[in-house]
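**Student:** Terminal number for the sequence shown in this note's numbering: 284, no gaps in between.
Mixed in with the good hints, there may be bad ones.
[Stated by the list, open to error] When the alpha-carbon atoms are kept at most 25 angstroms apart in a straight line, the in silico DSS-like pairs for lysine-lysine are as follows:
#	residue 1	residue 2
1	Lys184	Lys200
2	Lys188	Lys200
3	Lys283	Lys249
4	Lys155	Lys217
5	Lys249	Lys155
[Unchecked claim] Using C-beta positions, here's what the derived DEER-type ranges look like:
#	residue 1	residue 2	range
6	Leu197	Glu61	56 to 62 angstroms
7	Ser82	Ile157	51 to 57 angstroms
8	Gly89	Val148	48 to 54 angstroms
9	Asn212	Gly90	54 to 60 angstroms
10	Pro280	Tyr80	21 to 27 angstroms
11	Ala40	Gly89	25 to 31 angstroms
Everything labelled a hint here was simulated from the structure, so no lab data went into it.
C-beta: ideal position from N, C-alpha, C; glycine also.
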Amino acid sequence: MPFAQAVAGSFDAVVVEEAGIRIFREPVVYLIARQTIAESELQRFLAEHGIAWETDTEVAAECLVETAGRICYMSFARPRPGGNAAYIRHILEAGHGSVLEHAVWSMLFVGVSRALTHELVRHRAGFGYSQLSQRYVDESVAEYVEPKVIAEDPELHRLWVETIARTHQAYVQLAEKLLEKFRDEPDRTLRRKLARQAARSVLPNATETKIFVTANARAWRHFIEMRASRWADVEIRQLAVKVLRLLQQEAPHLFGDYELRALPDGTYEAITPYRKV
Numbered sequence: 008m009p010f011a012q013a014v015a016g017s018f019d020a021v022v023v024e025e026a027g028i029r030i031f032r033e034p035v036v037y038l039i040a041r042q043t044i045a046e047s048e049l050q051r052f053l054a055e056h057g058i059a060w061e062t063d064t065e066v067a068a069e070c071l072v073e074t075a076g077r078i079c080y081m082s083f084a085r086p087r088p089g090g091n092a093a094y095i096r097h098i099l100e101a102g103h104g105s106v107l108e109h110a111v112w113s114m115l116f117v118g119v120s121r122a123l124t125h126e127l128v129r130h131r132a133g134f135g136y137s138q139l140s141q142r143y144v145d146e147s148v149a150e151y152v153e154p155k156v157i158a159e160d161p162e163l164h165r166l167w168v169e170t171i172a173r174t175h176q177a178y179v180q181l182a183e184k185l186l187e188k189f190r191d192e193p194d195r196t197l198r199r200k201l202a203r204q205a206a207r208s209v210l211p212n213a214t215e216t217k218i219f220v221t222a223n224a225r226a227w228r229h230f231i232e233m234r235a236s237r238w239a240d241v242e243i244r245q246l247a248v249k250v251l252r253l254l255q256q257e258a259p260h261l262f263g264d265y266e267l268r269a270l271p272d273g274t275y276e277a278i279t280p281y282r283k284v
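Could you put the whole structure together from the sequences, leaning on the hints where they help?
**Tutor:** Structural data, given as C-alpha cells:
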C-alpha cells in the first residue's frame with residue numbers, strides 16, 4: 008500500500024456545492040513520498056574509510072543533509088555540539104544551501120486553481136511537475152476555486168457563482184458540439200482530445216486542477232519565502248503555509264527556523280532569519 012498523508016483537515020470541510028457547482032475554499036495537500044536512507048551503504052562507506060560516526064536524527068532528510076555537508080570537508084571526526092540540529096542551523100547561518108538539495112519530498116496539490124498553478128510552475132530550479140491535462144480530462148465535471156475575498160461578500164459571491172455556472176455550461180455545450188463536429192475522426196481518443204482542447208478555451212482561471220510536485224529542501228524553502236509572503240496572492244499563500252507546516256513536521260531541523268505571523272486578512276506569512284539559503 009503506497010504511503011500517503013493528507014494534510015490540513017477533512018477534504019469535505021474545504022468543499023461546498025452551490026448551483027450545481029462544487030467549490031473549493033482552500034487547497035488540500037497530500038504528502039505522497041519522502042526519502043529513505045540506504046543505511047547499509049552509508050555504513051559500508053564509513054567502515055571502508057575508517058570513520059566512526061553516527062547522527063542523532065532519525066529523519067532521513069536531515070541525515071542526508073548532514074552527511075552531504077560532512078563529505079564536503081570530511082568532518083565526520085569533528086561533530087558539532089548540539090548534534091544534527093546544530094549542524095543544520097550552522098548550514099543555514101553560513102548559507103551553504105547546496106547540501107539541502109539532497110533532501111526531496113513529493114506532494115500532490117488538490118483544490119488549487121489554474122491561476123495558482125500558472126504562478127507555481129514559475130518555480131523551476133529543483134522542482135518537477137505533473138499536472139492534470141484539460142485536453143485529456145473531461146471538465147464537464149470540473150470544480151472551481153473561489154477567492155476568499157469574494158466568498159466573504161454575499162453579493163460578490165452570488166455574481167461569481169452565476170458567472171462560473173454560465174461558463175461551465177458553455178464548456179459542456181461546446182464540448183458536445185465539437186465532438187459532433189469531429190464525428191468523422193476514427194480515433195475516439197483523438198476525437199475527444201480535439202473537442203476538449205478547443206472547449207477549454209472558455210474555462211476560467213478559477214478552474215480547479217490537480218498537480219503533482221516534487222522538490223528538494225532548498226527549492227521548497229525558496230517557494231515558501233516567495234509565496235508564504237504578505238505580497239503573494241492569497242490562494243498560493245495559503246498553499247505555501249500548508250506546505251511549510253507539513254515540512255516542519257517532516258524535518259524540523261530543516262524548516263523549524265520559520266515563524267508564522269498572522270496577517271489582517273486572517274492568513275499567515277512565514278518569516279525566517281535565513282532567507283535565500
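**Student:** State for each hint whether it applies.
**Tutor:** Evaluated hints:
1. A hinted pair counts as satisfied when its Cα atoms are at most 25 angstroms apart, and Lys184 with Lys200 qualifies at roughly 13 angstroms.
2. The hinted pair formed by Lys188 and Lys200 meets the criterion: a straight-line CA distance of about 13 angstroms does not exceed 25 angstroms.
3. Proximity of Lys283 to Lys249 is assessed by CA-CA distance (about 20 angstroms); at most 25 angstroms being required, the pair is judged to hold.
4. At roughly 19 angstroms between alpha-carbon atoms, Lys155 and Lys217 fall within 25 angstroms of each other, so this suggested pair holds.
5. A hinted pair counts as satisfied when its Cα atoms are at most 25 angstroms apart, and Lys249 with Lys155 qualifies at roughly 16 angstroms.
6. Restraint check, Leu197 to Glu61: a C-beta distance of roughly 58 angstroms satisfies the suggested window 56 to 62 angstroms.
7. Taking 51 to 57 angstroms as the suggested C-beta distance range, the pair Ser82 and Ile157 conforms, at roughly 54 angstroms.
8. Against the hinted window of 48 to 54 angstroms, the Cβ-Cβ separation of Gly89 and Val148 comes to about 53 angstroms, which satisfies the hint.
9. Distance hint for Asn212 and Gly90: a CB-CB separation of about 47 angstroms, inconsistent with the stated range 54 to 60 angstroms.
10. Look at Pro280 against Tyr80: about 24 angstroms separates their beta carbons, and that is inside 21 to 27 angstroms.
11. Restraint check, Ala40 to Gly89: a C-beta distance of roughly 30 angstroms satisfies the suggested window 25 to 31 angstroms.
When each numbered hint is compared with the structure, a violation occurs for hint 9 only.
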